[in-house]
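> Now that you have both chains on their own, put them together as the hints suggest.
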Amino acid sequence: MLEKALAGNRTYWTWITFLLVIIGAGAACWYWQFRTGLTITGLSRDVVWGLYIAQFTFLVGVAASAVMVVLPYYLHDFKAFGKMTILGEFLAIAAVIMCMLFIFVDMGSPIRIFNVFLHPTFHSMMFWDTVALGGYLVLNILISRVSLSSERRGEPPPKWIRPIIILSIPWAVSIHTVTAFLYAGLAARPFWMTAILAPRFLASAFAAGPALLILLALFVRKMTKFDPGKEAIQKLAVIVTYAMILNVFFVAMELFTALYSNIPEHIHHFQFLFMGLEGSNTLAPWMWLSVVLAAVALVILINPSTRRSETTLVVGCIAVFGSLWIDKGLGMVIAGFVPSPLGKVTHYAPTVPEITIALAIWAIGILIVTGLYKIALEVRGQMKTQ
Amino acid sequence: MDGNRRDFLKLAGLTAVGAAGVSSIKPTDAQASTTDSHAEPSAEGVRLGMVIDLRKFSKNDPLIERCVEACHSEHNVPDFKDDPKNEVKWIWPEYFETAFHSQEFHFIREDLKGKPTLLLCNHCDNPPCTRVCPTQATWKRDADGIVMMDWHRCIGCRYCIVACPYGSRSFNWKDPRPAIDEITADYPTRMRGVVEKCTFCEERLARGLEPACVEVCDNDEIVFGDLNDPGSKVRQLLAERMAIRRKAGLGTQPEVYYIIDDPRTLQETAPAAVVEVTEGGDHA
Chain A
1 MLEKALAGNR TYWTWITFLL VIIGAGAACW YWQFRTGLTI TGLSRDVVWG LYIAQFTFLV
61 GVAASAVMVV LPYYLHDFKA FGKMTILGEF LAIAAVIMCM LFIFVDMGSP IRIFNVFLHP
121 TFHSMMFWDT VALGGYLVLN ILISRVSLSS ERRGEPPPKW IRPIIILSIP WAVSIHTVTA
181 FLYAGLAARP FWMTAILAPR FLASAFAAGP ALLILLALFV RKMTKFDPGK EAIQKLAVIV
241 TYAMILNVFF VAMELFTALY SNIPEHIHHF QFLFMGLEGS NTLAPWMWLS VVLAAVALVI
301 LINPSTRRSE TTLVVGCIAV FGSLWIDKGL GMVIAGFVPS PLGKVTHYAP TVPEITIALA
361 IWAIGILIVT GLYKIALEVR GQMKTQ
Chain B
1 MDGNRRDFLK LAGLTAVGAA GVSSIKPTDA QASTTDSHAE PSAEGVRLGM VIDLRKFSKN
61 DPLIERCVEA CHSEHNVPDF KDDPKNEVKW IWPEYFETAF HSQEFHFIRE DLKGKPTLLL
121 CNHCDNPPCT RVCPTQATWK RDADGIVMMD WHRCIGCRYC IVACPYGSRS FNWKDPRPAI
181 DEITADYPTR MRGVVEKCTF CEERLARGLE PACVEVCDND EIVFGDLNDP GSKVRQLLAE
241 RMAIRRKAGL GTQPEVYYII DDPRTLQETA PAAVVEVTEG GDHA
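If you read the sequences in order, they're chains A and B. With our numbering applied, the first sequence covers 1 to 386. With our numbering applied, the second sequence covers 1 to 284.
Isolated chain B, as found in the complex (with noise of 0.2 Å):
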């Protein structure tokens, strides 16, 4: 974990380094990677990316809850209690069958079934919405491929809800703001007619921060880094774990990864690992 940490703060000082060089405001540098529809993942410069351990979460149930609390009280994200039709959420929870939807799983392991997973913007290194977008109100940072959102630039058109293909991003239909239990000062609130999102806390990152879901883990549930460092926790958790992601298959490059085998069984002789997987076989 300290480990970890000291790499993490390395990482976000090279972020803060790189968010200075390019203006946040001004999305033009973006445009290359984001006309181009290549389905290569950037190899150069700082990816930023997400790791969230299923398996942890699922032995972790009051975690979720967390997380959400921590990003949306930080962002001043409103919460219309039982109003789905007005509803703004950065980070929430699904059903893991309904977060991978497209995957229909069927015969899974039970501490899979039916769990909440996190879901967030995948800050896709091919990200469809900045493609749509008519004014640049949201694109892909060049120095770390965050996908960031111009709430004062944004003209509320939707395209960019129309784009994804991962409901990521919600939709102000009516005043925010008086529906913001205790707003946090140094935070902006939005207005009624933009669009908002995970921006993976650039906020935090550029004051050496983790992002605010991941600051809340108890044992690296989320874990955060650069995709592109081969030495990073990220990188090393992907090529010793199984881990999947959203809608692969559309070319967007989501950078959020779920891991979903357990390590014991990796541990185990392969007939148990199958022994384990046919128990938890009866979900229709």
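Bound conformation, chain A alone (with noise of 0.2 Å):
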């Protein structure tokens, strides 16, 4: 099936050199880093991880949506998703491959990586979370792989395909969890040690991910002859909705905890994120960009005119997606580290070798939605001839 991701038109190459042209770019740069260490980023003794350790972040939640359309069809019935179902476990395919990538750029010494598996450690979350990526990866691969193969025949998925595809529900709930653990256990850093933090990643992810999934539907709908069906996107645009009030009701709860209660270490992370300290404010603007792209989001969501309207629901999708990215894919870790646990506030901001290498994974997993799209789109005979 493979092949059919190699044979395409000129306007599907002239894309892939373009995604290849950055990988390229981020390759070379990654060799760098390689060399000479990553010292090359932004990062320092005080701030060690940023933008890298935040793009997994942020992608594991897109990784972990997939459940959104998977659910309401094999444990509601809900048949409008059936055309869906399939881009959203390519889509979870490809984040999580993009989730392992941005873990081993991250890393120090990355010759080494095996030696997580050498010496298998159950007390570390960081070896939770590579078993539950690692299994999310596996379960999509091959459930995507099975339910496509068999349409291909035309015939129905095979029996035994039903409890993995039902394991992979709780396994997509887990994904992000075990990622909150990552960070909400530490007593180290008051701005993540909070129990909601789970609960906030799974509902930024499950605002995050369907709108990324209406837009690339509605994408491939204008590229292609396929049609996911007004009905799938007007759900999934009822699930962003709901979801995306859920997260702005999480932040707000938080707030109130670190506020309310007056506790300076809590309060502080905040201060940084929304005001800055000590002059350091590179995330301020960046913040109330996020407040107001999720005020707008929220504006056109709950208002039902302009959800059904596609138009401005393309808008209230990239206002959700951009909000959520700002919020974890760069706030949310930055912010843990501001002001350290001695009480500095250390400047963090990308340096240009880092953000390229950090668009370079963006661009492989661009390159594998488009290519998996593109094989299910061919299988259903639903590419333009042109």
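Don't take each hint at face value.
Below, computed lysine-lysine pairings styled on DSBU-like, alpha-carbon distance capped at 35 Å [what the hints assert, rightly or not]:
1) 59/B with 344/A
2) 235/A with 344/A
3) 79/A with 374/A
4) 174/B with 85/B
5) 344/A with 113/B
6) 4/A with 235/A
7) 83/A with 374/A
8) 344/A with 247/B
9) 81/B with 174/B
10) 247/B with 59/B
11) 374/A with 4/A
12) 83/A with 235/A
13) 83/A with 225/A
14) 374/A with 222/A
15) 344/A with 174/B
16) 344/A with 222/A
17) 344/A with 81/B
18) 85/B with 344/A
19) 225/A with 374/A
20) 56/B with 344/A
21) 4/A with 79/A
It is worth saying that the hints were derived from the structure and are not from the lab. Fair warning: this is a prediction, and the values are worked out from it, not measured in the lab.
Written out as structure tokens, the structure reads:
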């Protein structure tokens, strides 16, 4: 089936070439980082995790969000998602691979990566996250491959795959819960030490992921003969709406607890995020942009007429995705380090090579999505032959 | 001092035996104590700790530099000069108020105010750093409670740095070797991409020597010993004096104590002590 990704028209190949150029630039920067060390990033003794780990965290959410199409389709027999499930699963595959790459480029000694498997450590949340992500990747590859092959032969999927699909539902929840546990169990970092971190991660994932899926589905519909169906898009839009409301509610809970309790080490991180501390306010404009985008998204999504109009829905989905990317793919991780456990404020901004490497990993993800979606559409005979 | 030294050598012999019994590469035995989230100190075996007398340090300003120098040159710790981004340090001074950041000292004695205070790995009895390490490249040694590092196993994920509430760990953002003034031949250098920190001079303890920072002290400014031995000098000091630990409320059981009282005020009458404290109370 893979060969179907290797034939395409001029637009397809121009797009692939564009992605490959970004990936090439990122690979060169990574080689430089590999030879010189992580000193070429903006990270420092006080801010030890940055853009890479933040992207990882955000993308775990995108990966987990596939469950939002799988669950209604398989557990509630919601037929309208029939054409969407494969897109969700393929998106999950791409997102998990991006997660793994972001962890890999963040490692100081990447050639020792197998130590994680040679010395499995059950009391480390990082070990469990590796297991959860690896398992989720295998599940999604297996499920999407088996269902697509059956579809190609015009048969119903084999019976044995159903329990595996059901297993993938709690598994999706687990990957983001364990990812939250990476942060939420650390006495050293009051900003993350909140029981609502995992629920908040899941809510933001179930908003950002399906929002991206709507955008992808509408884009694919425009480019090909594929039609996800109006009902499927609208149902996803409702899911995005509820998840986004929950996410904003959870953030408000965090703010109340920190601000009303008035404990300095909890407040300082929020001050840093939204106002800046000691002249270091690089994140503040971003965070306010995130707030504005969240407000715009909620207005568009809650209002039924703007949610139903696909033009405004697209704007709403872009706003959801942008708002949550800033919140989770930038602010959440960096603010945990500022101020430091000694109360120091250290400025962090990603460097050009660091951003290039991050962009390259996004390009790899987009390349995978492009290839996999093309395979799915070819199998269904929905590619435009132009 | 002499009696103390004898006690110490006895103790060092004990740890050397203990260390020989526990392979320094195989940390599996240490897991039982690291997974357990108990907040009580381990009562059994040797538990090495340190008592730093801030009063004595406040009378001996150059000593801080000597301690840092002794440690960093012995352990090939790179000096990146004015480059805080790549900084690596095992022991270093911070202002007293920064060292005890979460305790919000306001009206404190003049001799503590803004005083450089030595910070290092606390060798916690309940270390959060070893709990998070995905490869057991850092672990608490059963024999004496030292929090060890295996620089050959560390994958450089920096999770231990994230988990340490004391900022005691450093990452080698770039090759440290060019930044070492003079390489000490009998101690390893590190490569880029691994985490490092103080190991309570476990290599010196194995040879029956005190930690480098303790050795350069003139007058017991730093005392090192077994916290589980009621007769040890560290325990005697802690029984007689007022000592605090950094962020003890987190349950990590740090093993480095800081004496903050002034022995003169202890011997005087209570009102005199109050006068002394209020005199130093204009700190914001």
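> Tell me if the straight-line CA distance from residue 344/A to residue 81/B falls inside 35 Å.
Given pair residue 344/A, residue 81/B holds - Cα atoms ~19 Å apart, limit 35 Å.
> With the threshold set at 35 Å, check whether the alpha-carbon distance from residue 225/A to residue 374/A stays at or below it.
holds (12 Å)
> With the threshold set at 35 Å, check whether the alpha-carbon distance from residue 85/B to residue 344/A stays at or below it.
With a Cα-Cα distance of about 13 Å, the restraint between residue 85/B and residue 344/A holds, given a limit of 35 Å.
> Hint check: residue 344/A vs residue 247/B, CA-CA at most 35 Å. Holds or violated?
At roughly 16 Å apart (the allowed maximum being 35 Å), residue 247/B and residue 344/A satisfy the hint.
> Is residue 344/A close enough to residue 222/A, meaning Cα to Cα at most 35 Å?
Since the Cα atoms of residue 344/A and residue 222/A sit roughly 51 Å apart, the hinted pair is violated (cutoff 35 Å).
> Regarding the pair residue 247/B and residue 59/B, is the alpha-carbon distance no greater than 35 Å?
Roughly 26 Å separates the two Cα atoms, so the pair holds.
> Under the criterion that the straight-line Cα-Cα distance not exceed 35 Å, is the pair residue 344/A, residue 113/B satisfied?
holds (18 Å)
> Taking only the CA atoms, is the gap from residue 83/A to residue 225/A under or equal to 35 Å?
holds (12 Å)
> Are the Cα positions of residue 81/B and residue 174/B separated by 35 Å at most?
Holds, at about 14 Å.
> Is the hinted pair residue 79/A and residue 374/A satisfied, with a Cα-Cα distance of at most 35 Å?
holds (22 Å)
> Has the given pair, residue 83/A with residue 235/A, been kept, meaning a C-alpha gap of at most 35 Å?
At roughly 13 Å apart (the allowed maximum being 35 Å), residue 235/A and residue 83/A satisfy the hint.
> Can the restraint linking residue 235/A and residue 344/A be considered satisfied, given a maximum Cα separation of 35 Å?
violated (47 Å)
Going through the hint list in order, the structure does not satisfy hints 2 and 16.
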